[in-house]
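Q: Given next are the chains, with one letter for each unit.
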Amino acid sequence: EVQLVESGGGLVQPGRSLKLSCAASGFTFSDYYMAWVRQAPTKGLEWVASISYDGGSTYYRDSVKGRFTISRDNAKSSLYLQMDSLRSEDTATYYCTTLKYRYNPFAYWGQGTLVTVSS
Amino acid sequence: DIRMTQSPASLSASLGETVNIECLASEDIYSDLAWYQQKPGKSPQLLIYNANSLQNGVPSRFSGSGSGTQYSLKINSLQSEDVATYFCQQYNNYPYTFGAGTKLELK
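Chains as they are written, first to last, in our numbering: chain B, 1 to 119; chain Z, 1001 to 1107.
The hints are simulated quantities; they were obtained by calculation from the structure and are not laboratory data. Please note that a few of the clues may not be correct.
Here are the simulated BS3-like cross-link-like pairs (lysine-lysine), alpha carbons at most 25 angstroms apart as the crow flies [stated by the list, open to error]:
no., chain 1, residue 1, chain 2, residue 2
1, B, Lys19, B, Lys43
2, Z, Lys1074, Z, Lys1107
3, Z, Lys1042, B, Lys100
4, Z, Lys1103, B, Lys100
5, B, Lys43, Z, Lys1074
6, Z, Lys1042, Z, Lys1107
7, B, Lys43, Z, Lys1107
8, B, Lys100, Z, Lys1107
9, B, Lys65, B, Lys100
10, Z, Lys1103, Z, Lys1042
11, Z, Lys1042, Z, Lys1074
12, B, Lys19, B, Lys76
13, Z, Lys1042, B, Lys43
14, B, Lys100, B, Lys76
15, B, Lys19, Z, Lys1042
16, B, Lys19, B, Lys65
17, Z, Lys1107, Z, Lys1039
18, B, Lys43, B, Lys65
19, Z, Lys1103, Z, Lys1074
20, Z, Lys1074, Z, Lys1039
21, Z, Lys1039, Z, Lys1103
Covered by chain B, per the in silico footprint, the following chain Z stretches (three or more residues, Cβ under 8 angstroms) [to be verified]:
no., region
22, 1046–1056
23, 1077–1091
24, 1099–1107
Cβ coordinates follow ideal geometry from the N, Cα and C atoms, glycine included.
In isolation and in its complexed conformation, chain B is listed as follows (with noise of 0.2 angstroms):
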């Protein structure tokens, strides 16, 4: 069963740092391209970023470019976002997802971990 288990979120000051993590089992965590997706409160669903199988690759939106970092470590089968300079804008449920390939539907998600920018 495919299973993905974020965690890191909370409260966190505008201008600070923030990582979030996703521990992934019950499937080959290299054979799929990885994703966050977010959701602010009572809102829609907004992609974030993406990153290839090896890591070699990552795509960003324009709102977190230059901010937001996304990584992966395959050996310890877990999908990683750097948060920098965060703003009162990117107060959402971040979700992680996974991708068969680069432009593909997201097949799974985990049950979110919350992330709150505020003073």
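Given chain B, put chain Z in place with the hints provided.
A: For chain Z alone, coordinates are given in the frame of chain B:
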């Protein structure tokens, strides 16, 4: 960015009824279209991909259709467990974009 316009924003239907949700892309997305179901307090789940392919384990009362810029999700014989918010999403080009969602309630 490709804009995904979903309608209606909310929908009220009776048990056993057939429901249709529409999704319009701002440009041709060549059937690179997925539908997700999100129940309250839960993470989204993939229902349909490639516009009309049913994800493993999804009940056959769900179906998708469309091409080019126009797509739809159909739910036959509505069940109580189908109460949820439904999102469409294009994966033809970055940034991936989602519709705003359709909240489905029971009448």
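Q: Determine for every hint whether it applies to the structure shown.
A: Now the hints, each set against the structure:
Of the supplied pair hints, the one linking lysine 19(B) and lysine 43(B) holds, its CA atoms being roughly 23 angstroms apart against a limit of 25 angstroms. For the hint pairing lysine 1074(Z) with lysine 1107(Z), the CA-to-CA distance comes to about 17 angstroms; that is within 25 angstroms, so the pair holds. Taking the CA atoms of lysine 1042(Z) and lysine 100(B), the gap is about 22 angstroms. The hint holds against a cut of 25 angstroms. Restraint check for lysine 1103(Z) and lysine 100(B): not satisfied, since their Cα atoms lie roughly 28 angstroms apart, outside the 25 angstroms limit.
Simply put, lysine 43(B) and lysine 1074(Z) have alpha-carbon atoms about 23 angstroms apart, close enough for the 25 angstroms limit, and the pair holds. Restraint check: the Cα-Cα separation between lysine 1042(Z) and lysine 1107(Z) comes to about 22 angstroms, which is no more than 25 angstroms; the hinted pair holds. Using a Cα cut-off of 25 angstroms, the hinted pair lysine 43(B) and lysine 1107(Z) holds, with the two alpha carbons roughly 23 angstroms apart. Among the hinted pairs, lysine 100(B) with lysine 1107(Z) is inconsistent with the structure: their alpha-carbon atoms are about 38 angstroms apart, more than 25 angstroms.
Between lysine 65(B) and lysine 100(B) the alpha-carbon distance is near 23 angstroms, which keeps this suggested pair within the 25 angstroms criterion. For a cut-off of 25 angstroms, the pair hint linking lysine 1103(Z) to lysine 1042(Z) stands: about 14 angstroms separates their Cα positions. This hinted pair checks out: lysine 1042(Z) and lysine 1074(Z) have alpha carbons roughly 22 angstroms apart, not beyond 25 angstroms. At most 25 angstroms may separate the alpha-carbon atoms for a hinted pair to count; lysine 19(B) and lysine 76(B) meet this at roughly 16 angstroms.
With a CA separation close to 14 angstroms, the supplied pair lysine 1042(Z) and lysine 43(B) stays within the 25 angstroms bound. With a C-alpha separation of about 19 angstroms, the suggested pairing of lysine 100(B) with lysine 76(B) holds against the 25 angstroms cut-off. Our distance criterion of 25 angstroms between C-alpha atoms is met by lysine 19(B) and lysine 1042(Z), whose separation comes to about 22 angstroms. About 16 angstroms separates the Cα atoms of lysine 19(B) and lysine 65(B), which keeps this hinted pair within 25 angstroms; it holds.
Taking the CA atoms of lysine 1107(Z) and lysine 1039(Z), the gap is near 17 angstroms; set against the 25 angstroms cutoff, the hint holds. This hinted pair checks out: lysine 43(B) and lysine 65(B) have alpha carbons roughly 21 angstroms apart, not beyond 25 angstroms. Restraint check for lysine 1103(Z) and lysine 1074(Z): the C-alpha separation of about 14 angstroms stays at or below 25 angstroms, so the hint holds. The hinted pair formed by lysine 1074(Z) and lysine 1039(Z) meets the criterion: a straight-line CA distance of about 17 angstroms does not exceed 25 angstroms.
Pair hint lysine 1039(Z) plus lysine 1103(Z) holds up; C-alpha atoms about 10 angstroms apart against a cutoff of 25 angstroms. Proximity of the region 1046–1056 of chain Z to chain B, defined as three or more residues with a beta carbon under 8 angstroms from a beta carbon of that chain, is established by the 3 residues found. Here's how the region 1077–1091 of chain Z fares: 3 of its residues keep a CB closer than 8 angstroms to some CB of chain B, so the rule of at least three is met and the hint holds. Counting residues of the region 1099–1107 of chain Z whose CB falls under 8 angstroms from any CB of chain B gives 3; the rule of at least 3 is met.
Hint compliance for this structure: hints 4 and 8 are not met, and every other hint is.
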